[in-house]
Amino acid sequence: MEIREKVIEIIAEQAVLEPSDVKMEHTLEDLGIDSLGLVESIFAIEEAFDISVPFNANDPSESDFDISSVSAIIDAVSKLVSEKV
Amino acid sequence: MRRVVITGAGTINALGHDVAQTFEAMREGRCGIGPLDIPDVDRLMVKIAGQVRNYDEHAHFNRQQIALYDRFTQFTLLAARQAVAQSGLEFHGELADRSGVVLGTSGGGLTTQDENYRVVYEEGKNRVHPFIVPKLMNNAATSHLSIEFNLRGPSFTVATACASSNHAMGQAFQMIRSGMAPVMLTGGSESMLVFGGVKAWEGLRVMSKDGCRPFSANRNGMVQGEGAGVFVFEDYEHARKRGATILAEVIGFAMSSDASDIVMPSKQGAGRAITGAMRDARIDKSEVGYINAHGTGTAANDKTESAAVADAFGPHADKLMMSSTKSMHGHLIGGTGAVELLACIMALKDGIIAPTINYEEPDPECALDVVPNEAREANVDVVLTNAFAFGGLNAVLALRKAP
Numbered sequence: 001m002e003i004r005e006k007v008i009e010i011i012a013e014q015a016v017l018e019p020s021d022v023k024m025e026h027t028l029e030d031l032g033i034d035s036l037g038l039v040e041s042i043f044a045i046e047e048a049f050d051i052s053v054p055f056n057a058n059d060p061s062e063s064d065f066d067i068s069s070v071s072a073i074i075d076a077v078s079k080l081v082s083e084k085v
Numbered sequence: 086m087r088r089v090v091i092t093g094a095g096t097i098n099a100l101g102h103d104v105a106q107t108f109e110a111m112r113e114g115r116c117g118i119g120p121l122d123i124p125d126v127d128r129l130m131v132k133i134a135g136q137v138r139n140y141d142e143h144a145h146f147n148r149q150q151i152a153l154y155d156r157f158t159q160f161t162l163l164a165a166r167q168a169v170a171q172s173g174l175e176f177h178g179e180l181a182d183r184s185g186v187v188l189g190t191s192g193g194g195l196t197t198q199d200e201n202y203r204v205v206y207e208e209g210k211n212r213v214h215p216f217i218v219p220k221l222m223n224n225a226a227t228s229h230l231s232i233e234f235n236l237r238g239p240s241f242t243v244a245t246a247c248a249s250s251n252h253a254m255g256q257a258f259q260m261i262r263s264g265m266a267p268v269m270l271t272g273g274s275e276s277m278l279v280f281g282g283v284k285a286w287e288g289l290r291v292m293s294k295d296g297c298r299p300f301s302a303n304r305n306g307m308v309q310g311e312g313a314g315v316f317v318f319e320d321y322e323h324a325r326k327r328g329a330t331i332l333a334e335v336i337g338f339a340m341s342s343d344a345s346d347i348v349m350p351s352k353q354g355a356g357r358a359i360t361g362a363m364r365d366a367r368i369d370k371s372e373v374g375y376i377n378a379h380g381t382g383t384a385a386n387d388k389t390e391s392a393a394v395a396d397a398f399g400p401h402a403d404k405l406m407m408s409s410t411k412s413m414h415g416h417l418i419g420g421t422g423a424v425e426l427l428a429c430i431m432a433l434k435d436g437i438i439a440p441t442i443n444y445e446e447p448d449p450e451c452a453l454d455v456v457p458n459e460a461r462e463a464n465v466d467v468v469l470t471n472a473f474a475f476g477g478l479n480a481v482l483a484l485r486k487a488p
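Line order of the protein sequences matches chains A and B. Taken in order, the first sequence gives residues 1 to 85; the numbers are from this note's numbering. Taken in order, the second sequence gives residues 86 to 488; the numbers are from this note's numbering.
Everything labelled a hint here was simulated from the structure, so no lab data went into it. Do not take every clue at face value.
Just a sample of chain B residues kept apart from chain A, beta carbon distances all over 10 Å, derived [unchecked claim]: (1) His177; (2) Ile232; (3) Ala385; (4) Gly399.
Each pair of labels, with its calculated beta carbon distance range [stated by the list, open to error]: (5) Asp141/B - Glu13/A: 46 to 54 Å; (6) Val16/A - Asp369/B: 47 to 55 Å; (7) Asp125/B - Asp59/A: 53 to 61 Å; (8) Gly209/B - Glu29/A: 27 to 35 Å; (9) Asp127/B - Val81/A: 17 to 25 Å; (10) Ala105/B - Glu83/A: 47 to 55 Å; (11) Asp50/A - Glu113/B: 42 to 50 Å.
C-beta atoms are modelled at their ideal positions from N, C-alpha and C, and glycine is treated no differently.
In isolation and in its complexed conformation, chain A is listed as follows (with noise of 0.2 Å):
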């Protein structure tokens, strides 16, 4: 499965939607995604890719991991898988 729908799969199970309602536009805000939804996504992404996502709760905006929207989520997410090796 491509890193876009398996993360788009993750957020809209988080968001109780399907994921053809998920928009690349759209911020977790939008999908109705707190604190807690958020730490349980990345969660849900570090097991799903084997990956480690630095993202520290206190500060979001300076955590290395960019969540201002779900297609930046992806490109993260794909940075950090390509990085693997």
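Fit chain B to the given chain A structure using the hints.
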């Protein structure tokens, strides 16, 4: 209503193995947080903590005792021995029958759990030591204090995560105030610095990897500590008649529940506990000179707590001092309020306000006097100590100088 005073104090924590060492470290603004030294630390992302150092259980307990005393119980017993010795009390007859123990802990015997899960799951053994249950149970420390000091009255353990000790001390206070008990041992302990304990906390992504900087704009999370604080709470008339030295008076207590979110704190919930404690103590807010903050060093707690204090005190918020000693000893979870009560006693008894160390950058959302980096001499008559737990359960105590 009876008045309640503190006639004994004991502790072991990352700053020292007794009250004198802890006071000295708080006065000097010394940091007890350092590299975490536990098995499998290389598999953790968080590798720092406020660990109790240079601790050898065999120096304090024999083999049979160690088979029954988890690390959290050991810490509690050591702190209680100091507190009871300072109070000068011995428990016989009616005093023993009516006096008891109320302690807070969140995790109880987590070292015992962690070690024995390894034995059965990792090592594949089919047999564990026969005393695992009495060793790991949350009330073990309470029961062992009761046994060691012959306290036969009302005794139980309180578990409200990070507010456990404050809730416990609040119960002890109310039991003495109501006349139910003349003396109570109270406080709390925690020993969560085991692989499973830290790993679980990592999951929430609220832990700092590099230090605890409460109220500082560059704070990035909490750091766990461990240890215990135990106090002798006593009916003032009982203490006065026997000529006991009084460390401070406990004058008020309030608790509240946010009833909103399981992890995010609420300004309203915290504020209701703060104003409730002042109302219970029958004091005016202008009398409060110092607050020992919950001050975890997370983004969420520190700004919520600052806002709650600003709301509760109005203009007086700019005149009082509020520091977080977690910057030095770490967050002892269920034991934290007990160790932090020491900073309150130091403020009232010695006129020294413990600092918030590691304070580097002002945060406009935490714009109170947090006593940055250096202890301060100040004459304060009334202090508060805050604890706001995960689950939205809040507990605040008010104390006054010894009568």
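Distance rule for glycine 399/B, whose beta carbon must clear each one in chain A by more than 10 Å: Its Cβ never comes within 10 Å of chain A, the nearest being 29 Å, so this holds.
At 10 Å, judged by beta carbons, does isoleucine 232/B keep clear of chain A as stated? holds, 41 Å
Do aspartate 125/B and aspartate 59/A keep their Cβ atoms within the hinted range of 53 to 61 Å? Given a distance of about 28 Å, which is not inside 53 to 61 Å, the answer is violated.
Does 17 to 25 Å hold as the CB distance between aspartate 127/B and valine 81/A, or does it fail? This hint holds: roughly 24 Å between Cβ atoms.
Does the Cβ pair glycine 209/B, glutamate 29/A satisfy 27 to 35 Å? violated, 47 Å
Using the C-beta atoms of valine 16/A and aspartate 369/B, is the stated range 47 to 55 Å upheld? holds, 50 Å
Beyond 10 Å from every chain A Cβ - status for alanine 385/B: violated, 8 Å
Minimum C-beta separation from histidine 177/B to chain A exceeding 10 Å: can you confirm that? holds, 52 Å
Take the C-beta atom of aspartate 141/B and the C-beta atom of glutamate 13/A, compute their distance, and say whether it sits inside 46 to 54 Å. holds, 50 Å
47 to 55 Å was suggested as the range; check whether the CB atoms of alanine 105/B and glutamate 83/A agree with it. 51 Å Cβ-Cβ, so the 47 to 55 Å window holds.
Hint check for glutamate 113/B and aspartate 50/A - Cβ pair distance inside 42 to 50 Å: Given about 46 Å between the Cβ atoms, the range holds.
Comparing the model with each numbered hint stated earlier shows that hints 3, 7, 8 do not hold.
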